[in-house]
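In order, the protein sequence lines correspond to chains A and B. Under our numbering, the final residue of the first sequence carries the number 770; numbering is consecutive throughout. Under our numbering, the final residue of the second sequence carries the number 770; numbering is consecutive throughout.
Since the hints were made in silico from the structure, they are not lab data.
When chains are identical, the list treats them as one kind, so a pair holds in a single copy or across two.
Below, computed lysine to any residue pairings styled on SDA-like, alpha-carbon distance capped at 20 Å:
1. K755 / G730
2. K748 / G730
3. K748 / H732
4. K748 / D733
Protein chains: 2
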Amino acid sequence: MPSSPEAHPLWAVVMAGGSGTRFWPLSRARRPKQLLPFAGGRSLLAATVERLAPLVAPHQTLVVTTAVTEEATRRELPQLPAANVLAEPAGRDTAPCVGWAAWRLARRTPSAVMLVVPADHLVPDGAALRRTLAAAAATATARGGLVAIALRPSRPETGFGYLELGEAAGAAGGMRVCRIARFVEKPDRRRAEEFLAAGNFRWNSGMFAWTAAAICEAIRTHLPELADGLDRLVADADTVGEAEALRRHYPRLPRISIDFGVMERAANVWAVEAELAWSDIGSWLALADLLPPSPAGATMGDVTALDSDGCVLVSDGPMLGVVGAHDLVVVATADAVLVVPKDQTQRVKELVERLREVGRDELL
Amino acid sequence: MPSSPEAHPLWAVVMAGGSGTRFWPLSRARRPKQLLPFAGGRSLLAATVERLAPLVAPHQTLVVTTAVTEEATRRELPQLPAANVLAEPAGRDTAPCVGWAAWRLARRTPSAVMLVVPADHLVPDGAALRRTLAAAAATATARGGLVAIALRPSRPETGFGYLELGEAAGAAGGMRVCRIARFVEKPDRRRAEEFLAAGNFRWNSGMFAWTAAAICEAIRTHLPELADGLDRLVADADTVGEAEALRRHYPRLPRISIDFGVMERAANVWAVEAELAWSDIGSWLALADLLPPSPAGATMGDVTALDSDGCVLVSDGPMLGVVGAHDLVVVATADAVLVVPKDQTQRVKELVERLREVGRDELL
Numbered sequence: 407m408p409s410s411p412e413a414h415p416l417w418a419v420v421m422a423g424g425s426g427t428r429f430w431p432l433s434r435a436r437r438p439k440q441l442l443p444f445a446g447g448r449s450l451l452a453a454t455v456e457r458l459a460p461l462v463a464p465h466q467t468l469v470v471t472t473a474v475t476e477e478a479t480r481r482e483l484p485q486l487p488a489a490n491v492l493a494e495p496a497g498r499d500t501a502p503c504v505g506w507a508a509w510r511l512a513r514r515t516p517s518a519v520m521l522v523v524p525a526d527h528l529v530p531d532g533a534a535l536r537r538t539l540a541a542a543a544a545t546a547t548a549r550g551g552l553v554a555i556a557l558r559p560s561r562p563e564t565g566f567g568y569l570e571l572g573e574a575a576g577a578a579g580g581m582r583v584c585r586i587a588r589f590v591e592k593p594d595r596r597r598a599e600e601f602l603a604a605g606n607f608r609w610n611s612g613m614f615a616w617t618a619a620a621i622c623e624a625i626r627t628h629l630p631e632l633a634d635g636l637d638r639l640v641a642d643a644d645t646v647g648e649a650e651a652l653r654r655h656y657p658r659l660p661r662i663s664i665d666f667g668v669m670e671r672a673a674n675v676w677a678v679e680a681e682l683a684w685s686d687i688g689s690w691l692a693l694a695d696l697l698p699p700s701p702a703g704a705t706m707g708d709v710t711a712l713d714s715d716g717c718v719l720v721s722d723g724p725m726l727g728v729v730g731a732h733d734l735v736v737v738a739t740a741d742a743v744l745v746v747p748k749d750q751t752q753r754v755k756e757l758v759e760r761l762r763e764v765g766r767d768e769l770l
Numbered sequence: 407m408p409s410s411p412e413a414h415p416l417w418a419v420v421m422a423g424g425s426g427t428r429f430w431p432l433s434r435a436r437r438p439k440q441l442l443p444f445a446g447g448r449s450l451l452a453a454t455v456e457r458l459a460p461l462v463a464p465h466q467t468l469v470v471t472t473a474v475t476e477e478a479t480r481r482e483l484p485q486l487p488a489a490n491v492l493a494e495p496a497g498r499d500t501a502p503c504v505g506w507a508a509w510r511l512a513r514r515t516p517s518a519v520m521l522v523v524p525a526d527h528l529v530p531d532g533a534a535l536r537r538t539l540a541a542a543a544a545t546a547t548a549r550g551g552l553v554a555i556a557l558r559p560s561r562p563e564t565g566f567g568y569l570e571l572g573e574a575a576g577a578a579g580g581m582r583v584c585r586i587a588r589f590v591e592k593p594d595r596r597r598a599e600e601f602l603a604a605g606n607f608r609w610n611s612g613m614f615a616w617t618a619a620a621i622c623e624a625i626r627t628h629l630p631e632l633a634d635g636l637d638r639l640v641a642d643a644d645t646v647g648e649a650e651a652l653r654r655h656y657p658r659l660p661r662i663s664i665d666f667g668v669m670e671r672a673a674n675v676w677a678v679e680a681e682l683a684w685s686d687i688g689s690w691l692a693l694a695d696l697l698p699p700s701p702a703g704a705t706m707g708d709v710t711a712l713d714s715d716g717c718v719l720v721s722d723g724p725m726l727g728v729v730g731a732h733d734l735v736v737v738a739t740a741d742a743v744l745v746v747p748k749d750q751t752q753r754v755k756e757l758v759e760r761l762r763e764v765g766r767d768e769l770l
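Same shape as in the complex, but just chain A:
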């Protein structure tokens, strides 16, 4: 727990602005990954907020989403005060998202601790997650810097950013705390293998803790253009109203991630080493690992498979019948069906691009 709860009220900032096509056709512009029922039938977003609730009450939970998913996000989170759902006019990556929440918090309570949590990850053990976040919050207030939650890599994953641990700096809540020597963007396979072998590299979980004051200061130092934009946005919100101020300023904020824009450049950065079962569910194959195994591979929804194996078979509506298939991904929805071999799923974006080119926006 934070060293002084009264002085450092705990807020959660859930980043729910994700879009992307990796789960097309199950995911759509209006139903991105965080809204998919990947948490045992519930949406990842709802599961994320509920997982945090014993640590951070709904009235201290902000959810940042985009205009196109605002209504769906509110529907998923009826327990949140309406004002706690912040809708970006358009996604500008994570630095503006975090910055906007930080600027709002800092006006009233600069000492507030922000736990920044992606809405679209899966952490089965909620209690372990809360212990980890509490340790990160305690570290953020004790050290006064920026804290990342670091995960021990289990494979040479090329889809994540890494952080290299530096000097050890004690512990929090039973978890090791280290300085972060450097952040590394998604590596290629060979480097990822080196990181795994080296032992002092961790996955960047995308979860962070810092005080509102600390992140505001870091943004002002490393992303001054973003800080200026947020200043103008907040100032105008008092005069022309927040919706108009957002419409004016948000689309012009620099599009940059908090990792690249701030964490990699800041000096006072710390890692809390979590032992946490965790998945960012970055692909159909990652989802398959989380589904109960079946002879056909992994199935979700109304699926009947005969003599099939190694498949990922998902239906969001139609009965999906598969005979004699191997290593296929098949995803059936009411208005679109995808069939692709398991080793070519990264090419689905080409298909989506083709649909965009021919104006099939109703499917995107």
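Let chain A serve as the given structure and place chain B on it in line with the hints.
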């Protein structure tokens, strides 16, 4: 043309009682193959009746279907008098179907010539078909026997019955007429190859011509139980009404095909040798041969395929997107999707059986 049109009015009997699961999930109990839009977007049934129309007017065209498809059949054929659609309470194979139509016709006009035509075959050249049927009708009246339309085999097909040509017997309409030495049930591959090599074997097209009197007599000789049943049915129709008579008698008629029950046993059987492009569209692969070729193989409906080949991709509703697939059959409908390798399509019936076992009747 028949030798004496007045003495031998020409009737068509379209057999539209087919069911079957080979086109599941596109075909269902209530929408069997003859109702599928396999004739360039129109149903095979509608195309069959329209193809016959210049030779046999709608008021002399009978369509025999089953109760479950009666309404859909009537909707497809608005040009037919209501009384010309005959609905079997349940399908009993082709001998009762042909017999029922023959018994009705024979009561008024025993000399009428019946052209018996399956509703679910595709004959692209309607004029050639009509010339062939006219030649068969002329042969039926001239010879007084049972006439089958024989097709020269183009491959050692194991899915059709064959007939062995006997003694030549002149010509009709420019087509060769022979006695039929014998009928052969669907052969295995080796025999089919022998038939192809022998040169005097033909595919049994399932199209026949005979006078009502001739087929009634043949049924009475070779299927006396069927003849007795039809006698009772027709007699009762005069007293209790046709619906009640059908309900009483039809389900107890012997279940047997006209080929096996009559043609194979009758002596006075003739073949008219047609030169006719023809398909019984017996499988997804046969359908594929009839669709315009695309790089992905054959596609029908809303399909987008990238880097795929040898596939049969069919949609009856959802957008079907396929990437990197080879030799797959994928069929997408609003409530069911099928994925099966091209060389295992015969196993779809196992899938359908599984669905039946678990009570998914809404999908069958």
